[in-house]
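Novice: In case you want the letters, here they are:
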Amino acid sequence: MMSRALGARVASQLRAEPRQLGLLTHVFLRRITDSELVSQQGELSVTFSHVLAFIALPGMLAPLLVMPKYSYLATLPDWIREPYTWDDKLLFVSLSMTLIGLLTLFHWDELLLDGRDFSTLAALPIRLRTMLGAKIVMLLSFPAVFLVAISNVSSILYPVMAMPPGSGLGVYGLTIASHLCAVFAGGAFVFSAILAVQGVIATLCGNETVRLVVPLLQFALFLLMLSFFTLAPRMLAGIHPGDDRLGTAMGLFPPLWCLGLYETMIGGGTAPVFGILAGRALGALSLSVATVCLIYLYAYLYKFRTIGEARRAEAGTRLRPPKVAVWLFESLLARTPFDRAIILFVGKTIRRSHIHRLILIGFISVGFMIAFEGLMALLAQTGGPRDGQRTPLLAMQLILTFFVLVGLRMVYAIPAELRANWVFQSAVTEEPRACQTGVRKAMFYCGACPILILLFPAYVVQWGWSEAVFHLGVGFACSCLLIDALLMGFTKIPFACAYLPGRARMTVRWPFYWLAFTAYGYGMASIEAWIMEGSAVRFVSAAAIMLAAIAALRILSVRSVRNHALLYDEEPEPYLCTLELNRVE
Amino acid sequence: MLEVRNLTKVYGALTAVDGVSFVARPGEILGYLGPNGSGKTTTVGMVTGLLKPTSGEVLFEGKDIQEDLRAYKLRLGYVPEEPALYPYLTGREYLELVARLRHISEGRLGEKIPRLLELLSLPDSFATIAAYSKGMKQKVLVAAAILHNPDVLILDEPFSGLDVESAMVLREVITDLARDGKTILFSSHLLEVVEKVCARVLILSKGRVVAEDTVERLCELQKQPKLERVFSELTAQTDPVTTANKILTVVKSGG
Ligand SMILES: Nc1ncnc2c1ncn2[C@@H]1O[C@H](COP(=O)(O)OP(=O)(O)OP(=O)(O)O)[C@@H](O)[C@H]1O
Ligand SMILES: [Mg+2]
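Here the protein sequences come in this chain order: A and B.
Residue numbering for the first sequence is 80 to 664, as defined by our numbering.
Residue numbering for the second sequence is 2 to 256, as defined by our numbering.
Isolated chain A, as found in the complex (with noise of 0.2 Å):
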């Protein structure tokens, strides 16, 4: 009797499991797909297959793209041409790889073992097991259905252009898994890898340590992602038809491993080296997954109701800052108390909510990447730094905060807890005027103000105390102005205002933000060479203009808020504007 009711409990729950796993599985892939973004809006499903159809884009061009080099090609023998056909498999690769990788450092948190799966789910008779397994399900498909957007396009177009010309089915077959492979293995090889440092910080380490140190190792991240692609041309340059040896560089290029796979798998036999890369692959991969491997079953073992889940619960340090810092603060910075609201509002947001830091991390790693770019141009082309040619160092510190400061502006927009605006919609007295000067200090003090001041020691080294001043000041006065018009017509509080998608119009302002990062960026650094070379005059002549452009320009954009109110619900503009002729007055 006993038995047979066990017997008929063991059947039931082996039917409810698989039903539990499904549904499970759904419930955590949602919660990737519904990100603190989107939720708010409701605007699900739509944004999900923006992201869908953003990271296809890019993998649908490219064969296009690359489509009329291989006209060309196909009247080349097979050992020419193959070599030319590398830098396109390599980018496919880096593509995927990069894709995948920002992909999942912004689902970071949802990635983790969580504790908020065990608060919520406990009240359910679900067992461990069961949403682990969900877990792991949700860890395969997540990288799964981005790979294929990915890769769609390219693994059916490109292989015909890549294959030798006149080569049957089984060629076309082989290129296309060959290709797949490849892609896949990049893709797989990111994701595990993220997800297996992240977990080893999360076990090994206290909360405090990783507070400090996930948003590092995310900037660091970035940079890794898109060294992928800015270093791809520079790294296969060190690899030549016959190579049977492997520069240090190149072994330790995890794109270049990927391409050694795919190279391997069509049996393009013209560089052996392919063959220890693709060992690299196969290896890497092996391992980043053996470790995720090994770490959910710890956390499944001894930690899953703890990893990540103190980190959200506390905030700060122990530090107290000194009381000097305090003092300038108080009465010197910021002297009004709606200022330091605004300051101390902005700082703690960027500093702890994940979107918005990671938002602004990869911001500041593009700029980060562009001033790298310049610098190595100017190293390759003289050797080292001439004094007629700063332009390129001096640039360095325009470009990192022109991206510091469009990420903040950026980022403000997006809201942080929408529902919680009820404190400042409530609580708030000023006019946007005055609004408007506390969010444009917090832009200035959290964001140009750290770089410039990291960046100055390196600029006492190269150049001396008179003239690190002097740029330093340079810096300074920029900020401003690109501060100001940055903030033209904003009426919000940061991050206290609804969201709406369509509304930076980014796809039609890009050529404006890059003519006006050029025109900073590198503009303002030429004009700057120009001062420090000429004479007393020419630098006070310039710093009138220079003042009396930011007094311009903060009248403007002081003009530009006058008559609103402060927002805090954004009205979608009309998709279709009628003239309102059926309008009755």
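These aren't lab readings, by the way, just hints derived from the structure by calculation.
Among the clues, some could well be false.
No farther apart than 30 Å at their CA atoms in a straight line, the calculated lysine-lysine pairs in the DSBU-like style are these [claimed, not checked]: (1) B:207 with B:197; (2) B:135 with B:197; (3) B:207 with B:247; (4) A:402 with B:135; (5) B:53 with B:207; (6) B:113 with A:520.
The structure presented is a predicted model; accordingly, all values stated were derived computationally and were not measured.
Please arrange chain B with the ligands on chain A, whose structure you already have, making use of the hints.
Specialist: Below, chain B with the ligands alone, put in the same frame as chain A:
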């Protein structure tokens, strides 16, 4: 004095608040009662100026609050129904944010906030609000609302989630504030508390005012001993025992 005239809010086909008028005088606590969905929170939203009325007006000291919303906000304290707070701030940081928005100087907020946290037995630690219990969040809301010693206090179910002792403390605080001459609008489902602290009560049903008087007069008029009975009679609620039985029948039916 806070005066509401013919306040109406329409959501599509639904009239959530329908021609509500009342007066709340300084030194008195006006109880605002009504079943779920009767329009209490909607009224409160309009009285705080966060929600635009479809029609009608809210006057504070004889002036429409929309005319000088700024001056009104400076003197307003508000406990919303939902504890929507910034989860990544600690309780202390949140109160500091509110205090600064309310123009309180660093010196004064440095004194006030640790004292308030201690008196409300809230942790002054690195724990963020994300880790707070419901009652703790509610306490943060209450502290944020009274921090600047406002002249008008609008409380939307301020007791939800509070433990027995904190509730008693809050009750005392509210009564004392009223004695100090503050104007208090107090929306709640806790009729025993309302009975004790409110000079007058206003009962809302489906967006309309169905009664407004002192508790004693209402009981007298309806010939009922307790406010609870008056309430269910006026809002035409069904007999709880019958409804409970029906619910159990549904729950138990089938498998
Ligand atoms: N934003 C909105 N859009 C549409 N309808 C709304 C909105 N807000 C409230 N309502 C409707 O208005 C009516 C009154 O809601 P309200 O929140 O004021 O009730 P309440 O008296 O506070 O209820 P409770 O006691 O449950 O808090 C409800 O029917 C509700 O569905
Ligand atoms: Mg309510």
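Novice: Of all the hints numbered above, which does this structure not satisfy? Sort the numbers upward.
Specialist: 4
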